[in-house]
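J.: Listed below are the residues making up each chain.
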Amino acid sequence: MSKIIFENVRKSFDRLDVLNGVSLEIEHGETHIVVGMSGCGKSVLLKCLLGIFEIDSGDILVDGMSARNKSQRNDYLKKFSILFQGNALFDSMTILENVEFGIRQLRNISPGQLKSIACEKLLSVGLEERVFNLYPAEISGGMQKRAALARAIALKPDVLLFDEPTSGLDPVTGGVICNLLKDTVKKLGITSVTITHDLKVAEFLSDRVSMLNKGRVVWTGHANDMKNCKNDFVEEFYQSSCAILGRH
Amino acid sequence: MIRSVATLGEYTLASLREMGRISIFAARGVVSCFFPPFFPGEILKQLLAVGFYSLPIVGLTALFAGMVLALQMHVGFARFNAEGAVASVVVIGITRELGPVFAGLMVAGRLGSSIAAEIGSMKVSEQIDALGTLLVDPLKFLVVPRIIAGVIMLPFLVLIADIIGVMGGFLVSITVLNFSSGTYLLQTVQSLQAIDVISGLVKASAFGFCITTFGCYHGFSSDLGARGVGRATTSSVVSSCIGVLVFNYLLTALFFGT
Ligand SMILES: Nc1ncnc2c1ncn2[C@@H]1O[C@H](COP(=O)(O)OP(=O)(O)OP(=O)(O)O)[C@@H](O)[C@H]1O
Ligand SMILES: [Mg+2]
Chain A
1 MSKIIFENVR KSFDRLDVLN GVSLEIEHGE THIVVGMSGC GKSVLLKCLL GIFEIDSGDI
61 LVDGMSARNK SQRNDYLKKF SILFQGNALF DSMTILENVE FGIRQLRNIS PGQLKSIACE
121 KLLSVGLEER VFNLYPAEIS GGMQKRAALA RAIALKPDVL LFDEPTSGLD PVTGGVICNL
181 LKDTVKKLGI TSVTITHDLK VAEFLSDRVS MLNKGRVVWT GHANDMKNCK NDFVEEFYQS
241 SCAILGRH
Chain B
249 MIRSVATLGE YTLASLREMG RISIFAARGV VSCFFPPFFP GEILKQLLAV GFYSLPIVGL
309 TALFAGMVLA LQMHVGFARF NAEGAVASVV VIGITRELGP VFAGLMVAGR LGSSIAAEIG
369 SMKVSEQIDA LGTLLVDPLK FLVVPRIIAG VIMLPFLVLI ADIIGVMGGF LVSITVLNFS
429 SGTYLLQTVQ SLQAIDVISG LVKASAFGFC ITTFGCYHGF SSDLGARGVG RATTSSVVSS
489 CIGVLVFNYL LTALFFGT
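So the protein lines, in turn, are chains A and B.
Numbering follows this note's numbering, with no gaps: position 92 of the first sequence is 92.
Numbering follows this note's numbering, with no gaps: position 233 of the second sequence is 481.
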């Protein structure tokens, strides 16, 4: 379990300000959801948390360790595992090898156990055994997403990060994945941060939701309180998604 | 006028900066070769990719190079009745220059493009970021195996190219040019010195290093998107071909310059 603190985080690319002072606290064991418009910097926020992008100013602290501190880099990174928005499966390895590779780097496990854990994780995300020895390019996008998810949850991290875990999936699989996320997070008792566009997913999963707009957190609260929020942007976001979902 | 000088200056500075970056990258690559962790599986994969799969094109180019060299030398030497020197010229020409340079250029085209494209698209699809989150140093996982494979396998390829090239010359000489095979082979063996072959193999190692390093560098510094990867691939092939020719001159000067 880990506590994550964003302190006034700023990040820009070639004069394009993406994060304009994000401040956010995520408690031990909390399931936190980040929502926001496409292109508002959600993926960048996660990559800053992982230290893939160096932040311009501010700080990110995870259990007191800073993302900017290079000397603790390995211990810091070991806390996380992430499902990237684009899956990021290694295309020179089969699906099974992908999961095994992830586990092998971070956990001390014998080769026999390695395979059985990897298979178990792949089965648990609903992949059939026939795809285990296929390459990522040979399976559908939804299957890739599930394989990437299996790789992420196989690592037993302190913090799980999911970048749009259900996008591109049919509703049935999406539901399965959501349940799986919830179960995994509960079983491991860990902190998780999930990015999504889908407020239904947000309500189902979350303890708290943060709304990102124009590079800042404009609202944080429980998913159920969103409809009563007076912030213009939150209201618009909520109304629009209700219109699509046909809710009132 | 002033503007064109300024452009020239900018261009020069940009190239110098690029050269500096490549040098730093190459130095980091070399240093990483000597420190664990190693990825033997990856190294093996790359040895195979570089050595085995480049064999056909390298062998084919060497064969034709040897054949055409024999034909041309025969025509040239016939002008002053020195046809007997064909065997010597073919074997020295192939082992010192044509074998290594042709193999280097072919591998630069094949490998330079594939390395840059592979690493570039891994960067685009966040696979390099993913390696980082698994605490795997991309330099050790992707660059080191390729550099090692290049440095080790290119000399092997060139050795085989040498043999095939000389055989090409031999075949043309005994079938088309009516040499007796015994005399030709004897002359070949007599005129060959160890330094001819060794210099070629050393060159090959240097080419292997240069091609793989350029390929990796351009892959890593590729812009995002398919266009960026395309551009990285082109730069990689162009710069590794130039690199091969420059290294070839420098090493020739080192070995045989007075
Ligand atoms: N490597 C990069 N270099 C330059 N700009 C970048 C880079 N990565 C992201 N950006 C910019 O940062 C902004 C936010 O991108 P980001 O990927 O975080 O959006 P997002 O909120 O995840 O959107 P989506 O919901 O569509 O995934 C975009 O305008 C993008 O152009
Ligand atoms: Mg995103």
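Treat each hint with caution, since some may be false.
Computed Cβ-Cβ distance ranges for the label pairs, DEER-style [what the hints assert, rightly or not]:
#1 A:Gln105 - B:Val278: 22 to 28 Å
#2 B:Ala262 - A:Tyr135: 36 to 42 Å
#3 A:Ala137 - B:Ile305: 47 to 53 Å
#4 B:Gly478 - A:Asn20: 31 to 37 Å
#5 B:Ile272 - A:Glu7: 31 to 37 Å
#6 A:Asp56 - B:Gly473: 20 to 26 Å
#7 A:Asp63 - B:Met267: 42 to 48 Å
#8 B:Val278 - A:Asn224: 46 to 52 Å
#9 A:Asn20 - B:Pro304: 54 to 60 Å
#10 A:Asn20 - B:Ser252: 39 to 45 Å
Covered stretches of chain B, as calculated for chain A (at least 3 residues, CB under 8 Å) [to be verified]:
#11 371 to 377
#12 382 to 393
Pulled from the structure, derived: some chain B residues nowhere near chain A, Cβ distances all over 12 Å [said to hold, decoys possible]:
#13 Gly268
#14 Asn329
#15 Ala330
#16 Ser336
#17 Thr482
#18 Thr506
Derived by calculation from the structure, the hints in this document are not laboratory data.
Don't be surprised by glycine CBs; every beta carbon is placed ideally from N, CA and C.
J.: Is it true that Ile272 (chain B) and Glu7 (chain A) lie within 31 to 37 Å of each other by Cβ?
T.: Cβ of Ile272 (chain B) to Cβ of Glu7 (chain A): about 33 Å, so the range 31 to 37 Å holds.
J.: Assuming the hint says 39 to 45 Å, is it satisfied by the Cβ distance from Asn20 (chain A) to Ser252 (chain B) or not?
T.: Distance hint for Asn20 (chain A), Ser252 (chain B) holds at roughly 41 Å.
J.: For the hint 31 to 37 Å, verify it against the beta carbon of Gly478 (chain B) and that of Asn20 (chain A).
T.: holds, 34 Å
J.: Establish whether the coverage given for the segment 382 to 393 of chain B by chain A is satisfied; the threshold is a Cβ-Cβ distance below 8 Å, and no fewer than three residues must meet it.
T.: holds (count 3)
J.: Using the Cβ atoms, figure out if Val278 (chain B) sits within 46 to 52 Å of Asn224 (chain A).
T.: Because 58 Å falls outside the window, the suggested range is violated.
J.: Can you tell me whether the CB distance of Asn20 (chain A) to Pro304 (chain B) sits inside 54 to 60 Å?
T.: The hinted range 54 to 60 Å holds for Asn20 (chain A) and Pro304 (chain B), with Cβ atoms some 56 Å apart.
J.: At 12 Å, judged by beta carbons, does Gly268 (chain B) keep clear of chain A as stated?
T.: Correct as stated: the minimum Cβ-Cβ distance to chain A is 21 Å, above 12 Å.
J.: Just want to verify: Asn329 (chain B) was marked as not at the interface with chain A; is every Cβ pair farther apart than 12 Å?
T.: holds, 59 Å
J.: So Ala330 (chain B) supposedly isn't at the interface. Is its beta-carbon more than 12 Å from every beta-carbon in chain A?
T.: holds, 54 Å
J.: May I ask you to test the hint 36 to 42 Å on the CB atoms belonging to Ala262 (chain B) and Tyr135 (chain A)?
T.: holds, 39 Å
J.: Would you check whether the claim that Thr506 (chain B) is not at the interface survives, using Cβ distances to chain A and the 12 Å cut-off?
T.: holds, 48 Å
J.: Ser336 (chain B) clear of chain A by more than 12 Å, beta carbon to beta carbon?
T.: holds, 46 Å
The structure shown violates the earlier hints numbered 3, 8.
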